[in-house]
Amino acid sequence: MALEDLRHNFLTGRVEDLVKWARYSSMWPVTFGLACCAIEMMGAGGADFDLARFGMEVFRNSPRQADLMIVAGRVSNKMAPVLRQVYDQMMEPKWVISMGVCASTGGMFNNYAIVQGVDQIVPVDVYAPGCPPSPETLMHAILTLHETIRTGEITKRRAENNPIHLSETPKSPWVPETPTRVRLGTPR
Amino acid sequence: MSEAFDAEITELAGWSTKETSEGSQELFKRQETSKDELGREIGSVIQLPEGITLDPSQIDIDKPDDETMIINMGPQHPSTHGVLRLMFELDGEVILRTKTIIGYLHTGMEKQAEQLTYVQGSTNVTRMDYLSPLHSELTFSLAVEKLLDVEMPSRATWIRMLMGELNRISSHLMWLATNGMDLGSTTAMIYGFREREMILSFFEKTTGLRMNTNYIRPGGVAADLPDGWEDDVAVICDTILKRSFEFDDLMTGQPIFRERTEGVGGLTAEEALALGLTGPLLRSTGVPWDLRRSMPYLAYDEVEFDVVVGTYGDNFDRYSIRLNEIRESIRICRQILEKMPAGDYRVQDPKVTPPPRGRIDESMEALIHHFKIFTEGFKVPVGEVYSAIESPRGELGCYIASDGSSKPWRMHVRAPSFVNLNALPVLLRGGLLSDAVAIISSVDPVMGEVDR
Amino acid sequence: MTIASTPSLPGIGVSAVLFPAPSDYAACIAALKADAYEMCVDLCAVDYLGHPGRELPVGVAPERFEVVVNLLSLSKKDRVRVRVQVAELDPRVDSIYFAYPGVEAMEREAFVLVGILFDGHPDLSRILMPEEWEGHPLRKDFGLGRVPVQFKEAPGPR
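Protein chains in written order, with our numbering: chain A, 21 to 208; chain B, 2 to 453; chain C, 25 to 182.
Calculated from the structure, these hints are not laboratory results.
Remember, predicted model here, so these are calculated numbers, not experimental data.
We treat Cβ as the ideally placed atom computed from N, Cα and C, and that holds for glycine.
Do not rely on the hints blindly, as some may be mistaken.
Just the calculated beta-carbon pair ranges, DEER-fashion [claimed, not checked]:
1) C/G77 with B/G359: 40 to 46 Å
2) C/A85 with B/L242: 35 to 41 Å
3) A/R73 with B/G405: 52 to 58 Å
Here chain A is said to cover these stretches of chain B; the calculated rule only asks that three of the stretch's residues, wherever they fall, bring their Cβ under 8 Å from a Cβ of chain A [stated by the list, open to error]:
4) 97 to 110
5) 126 to 135
6) 357 to 370
Turn these sequences into a full structure, and let the hints guide you.
Structure below.
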């Protein structure tokens, strides 16, 4: 069959656009619901705030099959290595949405037990504030991520994708204060 | 894992596999476990008579150590209801021993509560049991009010009852959704969340937030019910009652569901009392203990409702108890609709409740009171109190020791899920691994209150 | 020793608050269990370092730590509270696992958060804190661990 007979049966576009369209249209999240935000994430997947229209209602249980990690909830110091391990098991390209204030900055729990922001452990693409963010906020975060992918470059790699060993000291000059001895009584 | 393999992985990957090990919190081989802990892991609850200790070779596990497998489930797992980690010793698919490892969501809330005033305390407590936040706030507020020795106006009491019962309905609907999902029914998940959205939008209308509402505070509730609440609540009650029978169509008569839940995870009343279990777990064994009926708080002695009790203590009993508790709560909500008194929605003591915003412009005293309450907080006399309510998961108690200042000296919350998880070694013993998922789901743990 | 001879105080919502000595604690719990208090509802530990002054009955010497046990009787619909004083330098207390197996997790929590050792507990290991954690967070001389943020510096000495 000659090319003239094919007429209107072609779609043309740049490879980049097609790859980006495929990536953001069927992004599958890995189940990483920790606390209250997980309930709102499940609510976003439910019938009233359908996530299936973004291609995302399939929450893959294995990180090897997922490309988005929505960290929903407060990350405690005991959970931090687990979080890093699950992130490392995901295949490139991968994105992270930090959902809720506890995941973004530690939230109202500024104490010994909670990691003050999940971006100390994994690189985050979109932060969704709220305590808990309502499903509409989560969808806005997801759509922001889709925009980022749609207007970004497909071959750009993050420098931080090489796994860091957890015993490395942080680069910022201040060290979080964890005092073990506190003097009681007001100073005169 | 052997040392050499470990070192090889560390070199190749750049991170160590030892990072997530829990040391002494793991399940060890039988020879390395102490005898008492071995007994606990195989689910023995009733204590042996004096002088007989449990010898690893005499336990009724006839497979030797090297023919069984120690396996880990969680903390990141689709069906552990949050970050719960379980280690099993398996013989094929049969579970021999269980150990629960918790702490992955430990937030230091009890330490945080010592830094927050009593006015701010309910924002902290509400995030413990995040499926029934109003119950957590209620138990904290009742404890503080007992220490303060103030009496609530009756409208505040009835508003608290209404919100508590609506929260019970939404928590049980969430349980039906996730339980159905764990057993394979995705439709149940969609049904449960659909009904729950109705209640959550009523919460948003009344309290401002869908979850973690900070509505029930020491001194009353934060704001009065909005206009038109009677119609909203009536619509909620009618719709959910009608749709609760859809769950019956979907699950109760269905043969696969019956086979997976009947006879699975059986519990006896003596075991339940010895382990300190409360809530649907205790009621499923036949003990009719419900704090709303036996030691009534708020105004539960003025409404009529039945306490739903099971017979066999298995998963199916717990499912039907929770489904029927939804219907009983709807019954209570309808009675509250009729009987809601008029009056104040918070106690009128100026030292405890902030004045209405309009008065701040007019009166200097109101401004000072507002300022003092929101910066320093109100002072509570020295003492200690334990106050408990019936949350959807069991007895939720709050123990507060105060030192006369505006912050609690020690606040401890008795979380029902923390104690209900003690039942897991007993329930899982001898079952299959796929039953483990169903049993964990029917215990209904909420890890926020387990780890606090 | 009987329940009637233990020093006690009235409490809010409970029929009595008992204050046995540490050596009588296990016997007191066993007597209460025999007296139809079937369920142990809660066990927690409190650190009273720096407390202005709490009410104790005559003959009970205040120590730094206290273990508080709440018991519930389903048949009598009644609650009772037991408070034991635990010394700071040797914080050991008998475990009541023999009477109420459900306190196993609660005693581990009291151990890891406040640092009280329970004799007779089957497996007193950490339950809430990660493995390498040093210190007992709920003690009063352990700081909150707050990092300084934009509008709130880290707390100075109290």
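Q | Index of numbered hints that the structure contradicts, given in increasing order | A | 2, 6
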